[in-house]
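Engineer: Here's the letter readout for the chains.
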Amino acid sequence: MSRYRIAGRGRVDHGAPISFTFDGKTYPGLRGDTVASALLANGVHLMGRSFKYHRPRGAVTAGSEEPNALIGTSRGPGRFEPNTRATVQELRKGLVTESQNKWPRLSFDIGAINDRAYMLFSAGFYYKTFMWPKSFWDKVYEPFIRSAAGLGKSPTEADPDRYAARYLHTDLLIVGGGAAGIAAALVAAKSGARVVLVDENPELGGALLSDPGVTVEGQPAWAWLDASLAELRAHGVRLMTRTTAIGYYHQNFVGLCERLTDHLDTPPANAPRERMWRVRADQVVLAQGALEKPLVFDGNDRPGVMLAGAAQTYLNRYGVRVGDNPAVLTSHDSAWYAAFDLADAGSRIAAIIDTRSEIRADLLDAARQRGIRVLQGHTATGTKGRLRIASVRVNPLRGGTVGAGREIACDALLMSGGWTPSLHLFSHTKGSLAWDADSNTFLPDRKTEACQIAGAGRGLWGYAPVLADGVAAGLAAVAALSRSAGARQFAVANDRPGSGVSHTELPTDRSPGKAKAFVDFQNDVTAKDLRLAVREGMRSIEHVKRYTTNGMATDQGKMSNINGLMIAADALAKAPPQVGLTTFRPPYTPTSFGAFAGYLRGQTFQLTRKTPIDPWAEAQGAVFEPVAQWRRAWYFPKPGEDMHAAVARECLATRASVGIFDASTLGKIEVAGPDAVEFMNRMYTNPWTKLAPGRCRYGLLLGEDGFIRDDGVIGRLANDLFHVTTTTGGAARVLNMMEDYLQTEWPDLNVWLTSTTEQWATVALNGPNALAVLKPLVEGLDWDDFPHMSVAECTVAGLPARLFRLSFTGEVGFEVNVPARHGLALWTALMDAGKPHDICPYGTETMHVLRAEKGYIIVGQDTDGTVTPQDAGLDWAIGKAKPDFVGKRSLSRPDIVAGGRKQLVGLLTEDGSRLEEGAQIVLDPNQPLPMKMVGHVTSSYDSASLGHPIAMAVIEGGHDRMGEVVHVPMPDGVKRARITSTVFYDPSGDRLKA
Amino acid sequence: MLLIHCPYCEETLPELEFAYAGEAHIARPADPSALSDEEWRDFLFIRTNARGPHFERWRHIHGCAQFFNAVRDTVSDRFLMTYKAGAPRPDLSPKEDAE
Amino acid sequence: MTTQKHDFSAALQIEELAPSARLSLRVRPQHRAQLARALGLDLPVRIGDRTAADGREALCLGPDEWLILAPEASALTAAAAAIYATAPHSLTEISDREITLRLSGASVLDLLATGCPRDIAALAEGRGCRTVFDSATVTIWRDGPTAFRMDVWRSFLPHVRNLMALAEAELAAGL
Amino acid sequence: MTHFSAMSLLKNALTGHKGWREQWPDSQPKQEYDVVIVGAGGHGLGAAYYLAKEHGITNVAVIDKGWLGGGNTGRNTTIIRSNYLYDESARLFDHALDLWDNLSQELNYNVMYSKRGVMMLAHNVPDVQSFQRHIHANRLNGVDNRWLSKEEAKAFCPPLNISPDARYPVMGAALQMRAGTARHDAVAWGYARAAAARGVDIIQNCPVTAIRRGPDGAVIGVDTAKGFIRAKKVAVSAAGHTSVVMDSAGVRMPLESYPLQALVSEPVKPIFPCVVMSNTVHAYISQSDKGELVIGSGTDQYTSYSQRGGLPLIEHTVAAICEVFPIFTRMRMLRKWGGIVDVTPDRSAILGKTPVKGLYVNCGWGTGGFKATPGAAHTLAWTVAKDEPHPINAPFTLERFTTGRLIDEAAAAAVAH
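In the order they appear, the protein sequences are chains A, B, C and D. When we follow UniProt numbering, the leftmost residue of the first sequence carries the number 1, and every step to the right adds one. When we follow UniProt numbering, the leftmost residue of the second sequence carries the number 1, and every step to the right adds one. When we follow UniProt numbering, the leftmost residue of the third sequence carries the number 1, and every step to the right adds one. When we follow UniProt numbering, the leftmost residue of the fourth sequence carries the number 1, and every step to the right adds one.
Certain hints may be false.
The calculated lysine to any residue pairs, modelled on SDA-like cross-linking and capped at a C-alpha distance of 25 Å, are [what the hints assert, rightly or not]:
| hint | chain 1 | residue 1 | chain 2 | residue 2 |
| --- | --- | --- | --- | --- |
| 1 | D | K290 | A | A158 |
| 2 | A | K888 | B | L3 |
| 3 | A | K880 | B | E23 |
| 4 | A | K134 | D | G117 |
| 5 | A | K102 | B | I26 |
| 6 | D | K269 | A | P104 |
| 7 | A | K574 | D | G117 |
| 8 | A | K384 | A | F108 |
| 9 | D | K150 | A | A158 |
| 10 | D | K11 | A | L120 |
| 11 | A | K93 | A | P212 |
| 12 | A | K690 | A | W746 |
| 13 | A | K153 | D | P158 |
| 14 | D | K154 | D | A166 |
| 15 | D | K290 | A | S988 |
| 16 | A | K574 | D | R21 |
| 17 | A | K430 | B | L3 |
| 18 | A | K134 | D | A6 |
Looking from chain B toward chain D, a few residues come up when the C-beta cut is under 10 Å (computed) [unchecked claim]:
| hint | residue |
| --- | --- |
| 19 | F18 |
| 20 | A19 |
| 21 | D37 |
| 22 | D42 |
| 23 | T48 |
| 24 | A50 |
| 25 | V75 |
| 26 | D77 |
| 27 | L80 |
It should be emphasised that the hints constitute simulated quantities derived from the structure, not laboratory data. The C-beta atom is built at its ideal place from N, Cα and C for all residues, glycine as well.
Start from the sequences, fold in the hints, and give me the full structure.
Structural biologist: See the structure below:
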């Protein structure tokens with residue numbers, strides 16, 4: 001075992017070795033290790049390269065806030081992900097990892113040339129150059145910038161893993177399973193409330209996991225933890241680990257991402273990789289603790305320089321010494337304890353360098369006992385070492401002046417600039433922050449949600465106050481739930497209280513302009529970049545952030561925001577609150593797209609609606625098209641047929657004999673009640689009063705703006721009962737619109753609406769032999785009183801039916817509605833009955849062609865939301881006598897009655913070629929660009945029945961241009977077309993009278 | 001995701017059951033033909049777009065299917081109250097003083 | 001249509017029920033009692049409440065809307081039609097509009113929690129609600145601690161079943 | 001104004017960057033201006049720049065309640081295109097595109113206009129019909145936009161999934177090659193720097209509380225947190241807050257403000273060569289110079305000024321991206337944020353004069369404001385300077401909502417049948 005791993009120490013399983021690879025080299029590790037702790041145990045500090053300067057970097061933290069140690073991880077095909085934090089990724093059998101943003105290799109990276117030229121890459125440098133010559137931007141400069149940036153590589157294969165989602169409703173959600181969160185849970189659990197406690201780490205315990213020496217209620221920290229968690233389980237508290245609260249939304253809606261399998265050697269079959277919990281909690285306790293701040297000085301980014309708290313965690317949780325002779329550089333008491341723990345574990349502490357001249361006596365004693373050299377009132381002014389720190393340069397501070405520097409050899413430098421509360425989730429709620437001058441940090445202030453903030457998350461330090469605060473938060477939450485619970489007190493011994501001071505850049509005796517004192521490690525933002533931004537007029541922290549990219553790295557500013565603010569404020573000579581803090585955005589830590597997508601992938605991405613006849617069509621090898629939420633049979637190709645051939649055959653067969661069509665997707669609304677006819681008169685443009693029961697009529701629906709919204713044939717089954725049909729896509733919209741008017745404008749009307757779209761399966765029969773096919777199957781119908789545009793209830797093939805006689809093809813036509821469960825039976829019965837007549841199933845494309853031959857419009861194709869009834873040539877559908885209907889008033893607006901509106905007409909090309917749908921129409925084809933366009937082709941088909949193509953178009957003043965020739969300029973030449981009526985086939989309508 | 005109190009179901013339920021339906025208390029004129037083009041435009045298009053308490057309509061589309069009215073603060077997105085369609089526009093002034 | 005039985009672990013059972021008569025009743029409050037008498041079934045006024053009488057069930061879905069289940073529709077429609085003149089209403093048969101799933105088993109609440117944003121656990125036994133599962137409007141009847149019925153619009157059923165199959169596999173995986 | 005160039009960068013690099021001066025001063029308001037522009041976004045700052053440069057009007061103040069460029073300018077997904085259907089829109093956005101083309105040089109500020117091409121995916125027959133209509137109309141308007149088969153689309157954007165089994169299979173795409181993205185902050189900063197250099201005052205953190213009108217009804221100035229500021233002309237360019245500001249002048253607007261969310265992924269090496277938009281599945285994506293995937297979402301259903309959005313919408317947006325680009329499910333979302341977009345009934349902008357003398361408005365850009373920035377700013381400046389519509393913004397009047405001559409791009413893409 002490597003000398004850096006201490007046998008038996010920490011929470012890793014020393015009896016369970018696991019090996020993994022990093023950049024192709026295999027390393028030993030232990031169950032419970034992270035990649036970072038395992039690499040450190042092997043003496044490896046160099047784990048990555050920075051974003052801009054490609055500087056060598058090691059882990060600076062031991063948690064999810066890590067800016068440097070980002071790696072690619074993979075477990076076989078499709079399971080690679082970039083930018084994974086080595087400090088979070090747990091070891092698992094066969095884990096393959098690689099470093100990023102380097103070439104050819106981590107230890108020698110050509111990109112590091114940027115580091116040599118770093119003076120050029122100052123803040124905002126790219127705004128100031130790369131402009132000449134102009135053409136170089138696309139070709140040279142931008143590709144260079146892009147390839148230099150970007151950290152890891154994107155996955156390139158589809159991801160075989162599953163993702164899940166779950167709603168969770170609870171009384172109390174506690175975010176953060178450290179001392180404060182556990183204390184809050186312990187009191188709340190007794191109140192009988194439903195409590196959920198979540199933590200992003202594999203284990204609950206928070207900082208206690210790194211402070212085993214602390215004693216709580218007379219037990220060692222870890223023993224107390226075990227007992228407390230057992231107590232919580234006993235009370236039915238839901239404990240969730242590896243679960244990150246990523247976002248805090250309106251009214252205590254919190255998103256949690258639970259990582260389920262990334263730590264497992266072999267995940268169980270069908271197990272989702274991650275699950276998004278959508279939690280609604282009556283009360284929330286935020287106990288997320290605090291983040292340690294780096295110190296800002298020249299060379300503070302060298303591998304081996306890390307936060308003191310991280311070193312303490314590696315030692316106590318993972319049994320790893322981060323160095324043999326680490327130095328400690330701090331402005332806060334907490335780092336002293338890290339030094340003591342490491343010294344007790346066998347490391348030789350090179351020195352404790354504290355910027356403060358006054359140090360607590362007990363700390364000095366403890367250092368003296370351990371023979372640790374202490375340098376009070378000192379600053380650090382540089383580090384040395386190429387791929388790993390070898391020494392730190394320290395200077396005494398005497399009354400503001402920096403004394404002579406000296407080198408102190410070390411193989412690690414543990415720094416602490418103090419601690420800042422984790423305010424991210426609180427900020428998501430738009431809760432306000434207050435600047436605390438004593439601790440030089442922001443604390444949560446005014447709350448907008450029903451939540452409590454406890455512990456280090458609101459600036460407390462030391463376990464005794466934090467536990468007490470957790471109890472208080474738990475009690476407050478319980479009270480807010482109007483429940484009750486007893487208070488508790490947790491006696492703490494060997495506590496580790498602490499305080500400190502905070503700095504901007506540490507004082508130096510060297511030129512600050514030359515110093516590489518990093519604030520945002522990953523984005524290579526230095527203190528001087530921030531000062532330059534201010535010098536260039538960036539006065540708000542938002543401007544400074546965006547100009548320098550400080551805080552925009554994948555740690556979302558967890559390391560850099562406060563230090564960046566302190567330096568910007570100093571440069572502006574303002575108090576930090578006057579400069580403001582950048583807003584923290586969700587997610588708290590980067591969260592996989594898969595977790596957001598959840599089940600919304602592949603066949604469950606969005607619902608697909610299918611008709612009762614869909615299985616038959618599928619068995620016939622129909623080609624389908626998506627129409628709104630539905631899939632509809634598009635055409636039924638015979639072997640060897642393409643779409644064109646199939647559609648031509650279907651059209652001819654229908655006109656020659658009989659075609660059958662699944663119209664089940666049409667929207668259907670039952671309008672019933674004494675005021676049904678009045679309601680219909682108000683909604684639709686048409687007059688309905690005189691429509692006799694048993695008859696039907698084409699109905700046109702406008703928006704209040706006067707433009708066509710929907711249409712369909714509407715049957716009056718009885719005085720008080722209408723069977724309304726809508727377009728497939730319009731069904732829900734129309735019903736909602738009707739309900740809106742009924743409930744809010746005309747609540748006095750005695751009429752009710754019921755969607756029957758799916759109650760009925762609808763089969764359309766069209767063609768000269770439609771009657772012959774249908775008639776033998778019909779019972780209970782008086783055919784003598786069943787002319788075109790009639791409706792009746794009867795039986796068809798022994799099934800209860802609503803039979804419509806109507807036509808969307810110009811042929812004799814019927815629509816048979818039967819209860820949906822019988823839809824397939826009806827279809828097959830009609831197919832059988834039709835055999836002698838070579839009945840032909842057809843799809844939506846043929847339906848479109850047949851209707852176009854008759855000039856029937858399709859709402860949404862021949863209209864586009866800007867077309868009035870007059871434009872569409874549907875004035876006849878308007879009940880002129882009616883005082884009002886939805887949209888009527890808009891039809892008399894100036895620009896609606898003005899001439900030159902685009903009107904629907906037919907078009908026939910002179911060369912007999914087919915026009916393209918969407919092709920634009922001009923009067924003068926020889927005019928220069930931009931051309932004056934007078935309209936466009938809305939529908940265009942080859943008409944097998946007519947033997948030539950037909951088209952419909954909207955053209956300015958089209959109704960007065962009958963017979964005129966217009967021009968359609970296409971890329972390959974101008975087409976001439978003559979304006980005609982929209983009725984191409986059987987204009988006299990004789991075939992309907994058959 | 002908002003929490004919305006349905007005045008008909010008398011339950012407070014997730015936004016996903018509801019559909020927003022625009023500004024409230026814009027009644028359709030009894031006789032549109034009597035309106036000038038400007039008056040008709042105001043009805044069709046002009047909206048308060050209030051920054052603060054906003055009178056608006058929602059429909060409990062995946063529930064009781066009823067349209068109802070609400071007052072919501074568009075700065076905080078928090079609902080101040082919901083009430084049934086047809087109920088008079090509530091007077092908020094005391095509430096605003098309290099704020 | 002025949003009832004499709006599925007062989008699932010006892011933790012979760014999902015089965016399609018054979019169709020029975022289902023009607024949507026719309027009537028104003030002042031005529032509710034008349035309809036109730038005609039249908040031989042009390043019509044609860046609180047949304048979500050249910051009543052049942054000799055094989056017939058009623059669920060109040062809205063202030064003027066009830067969902068009526070019965071072995072057979074024609075008797076009900078006839079009885080209602082008889083009083084239409086004095087108690088105008090709309091009684092529309094929708095037996096085929098939805099297909100009903102019976103959902104039961106220890107993990108049924110977890111199953112519902114994968115798609116229902118509202119707190120289904122808080123739905124009292126013997127009550128019901130119209131709500132949404134993923135993007136599909138559904139009506140949920142709670143018949144017992146772990147026993148539910150879910151009415152799903154016919155064309156939405158394949159989507160709902162696909163989602164439930166994913167959830168089942170996930171629950172079986174135990175993570 | 002220090003001239004920006006590789007030389008000046010090098011020179012300053014050698015002197016520790018001591019030489020750079022502030023790019024714009026933090027001005028305090030004067031008592032009177034010829035023109036006050038409310039809203040220091042790209043549109044407002046740009047209008048001030050063009051007023052000074054092309055109309056010689058330099059006694060101009062741009063006033064903002066917050067920091068310049070802190071609104072939608074700094075919160076959008078930076079997509080730039082001009083392949084709009086109607087002549088009016090195509091002219092306006094193509095005018096903007098012409099200005100974008102040379103903006104870095106014009107402002108001596110690299111706005112990183114990246115002509116990556118914008119590809120719009122067609123997933124069903126109505127999409128195809130609509131896009132073909134756009135392409136034909138664009139061609140005759142001299143706007144570049146062409147049709148790609150799904151194979152060509154895949155070749156142009158390799159991560160694209162063109163499997164026929166997809167829920168919404170790709171049937172083809174419309175590609176505008178001139179279109180692309182730009183660095184949003186740089187647009188605001190570049191205009192601010194160039195405007196300030198020509199004498200424009202930029203007054204930040206100064207909310208305009210009301211527009212004041214004189215006895216004759218004409219505008220006389222604005223009340224602000226820093227007192228009353230006299231102005232001969234006032235142009236409101238306040239995006240989501242336009243309704244509130246205009247209301248103080250007694251002008252009620254056909255506007256509603258909705259939350260719009262966007263997000264970025266963690267940065268990765270170049271993988272995504274263009275901009276892809278899909279209206280059917282509601283996904284908009286590109287990759288920034290920094291390597292982040294930049295993804296736009298739709299608006300929430302309710303009006304709001306909260307700059308917060310809900311989780312469900314983001315879930316659907318990300319799901320849509322993963323559906324069209326299945327290789328991205330293991331990418332991670334780094335950051336998401338919200339903006340406020342002001343939407344008109346026909347989803348087209350209002351740009352020009354108002355019923356009030358001396359009051360001008362530029363609003364209603366919905367989700368499309370960034371791409372219009374130079375065009376909107378340029379024609380707004382013209383209208384303010386000459387008190388008459390510019391030929392290009394003339395159709396975008398308030399009156400159209402009275403007369404019914406709407407410019408409804410969205411409705412033109414309506415789908416039914």
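Engineer: A separate judgement is required for each hint: does it hold in the structure or not?
Structural biologist: How the hints compare with the structure:
{"no.": "1", "hint": "D/K290 <-> A/A158", "verdict": "holds, 24 Å"}
{"no.": "2", "hint": "A/K888 <-> B/L3", "verdict": "violated, 38 Å"}
{"no.": "3", "hint": "A/K880 <-> B/E23", "verdict": "violated, 31 Å"}
{"no.": "4", "hint": "A/K134 <-> D/G117", "verdict": "holds, 18 Å"}
{"no.": "5", "hint": "A/K102 <-> B/I26", "verdict": "violated, 62 Å"}
{"no.": "6", "hint": "D/K269 <-> A/P104", "verdict": "holds, 15 Å"}
{"no.": "7", "hint": "A/K574 <-> D/G117", "verdict": "violated, 44 Å"}
{"no.": "8", "hint": "A/K384 <-> A/F108", "verdict": "holds, 17 Å"}
{"no.": "9", "hint": "D/K150 <-> A/A158", "verdict": "holds, 19 Å"}
{"no.": "10", "hint": "D/K11 <-> A/L120", "verdict": "holds, 9 Å"}
{"no.": "11", "hint": "A/K93 <-> A/P212", "verdict": "violated, 28 Å"}
{"no.": "12", "hint": "A/K690 <-> A/W746", "verdict": "holds, 22 Å"}
{"no.": "13", "hint": "A/K153 <-> D/P158", "verdict": "holds, 15 Å"}
{"no.": "14", "hint": "D/K154 <-> D/A166", "verdict": "holds, 14 Å"}
{"no.": "15", "hint": "D/K290 <-> A/S988", "verdict": "violated, 67 Å"}
{"no.": "16", "hint": "A/K574 <-> D/R21", "verdict": "holds, 19 Å"}
{"no.": "17", "hint": "A/K430 <-> B/L3", "verdict": "holds, 17 Å"}
{"no.": "18", "hint": "A/K134 <-> D/A6", "verdict": "holds, 13 Å"}
{"no.": "19", "hint": "F18", "verdict": "holds, 9 Å"}
{"no.": "20", "hint": "A19", "verdict": "holds, 7 Å"}
{"no.": "21", "hint": "D37", "verdict": "holds, 5 Å"}
{"no.": "22", "hint": "D42", "verdict": "holds, 8 Å"}
{"no.": "23", "hint": "T48", "verdict": "holds, 8 Å"}
{"no.": "24", "hint": "A50", "verdict": "holds, 8 Å"}
{"no.": "25", "hint": "V75", "verdict": "holds, 5 Å"}
{"no.": "26", "hint": "D77", "verdict": "holds, 5 Å"}
{"no.": "27", "hint": "L80", "verdict": "violated, 14 Å"}
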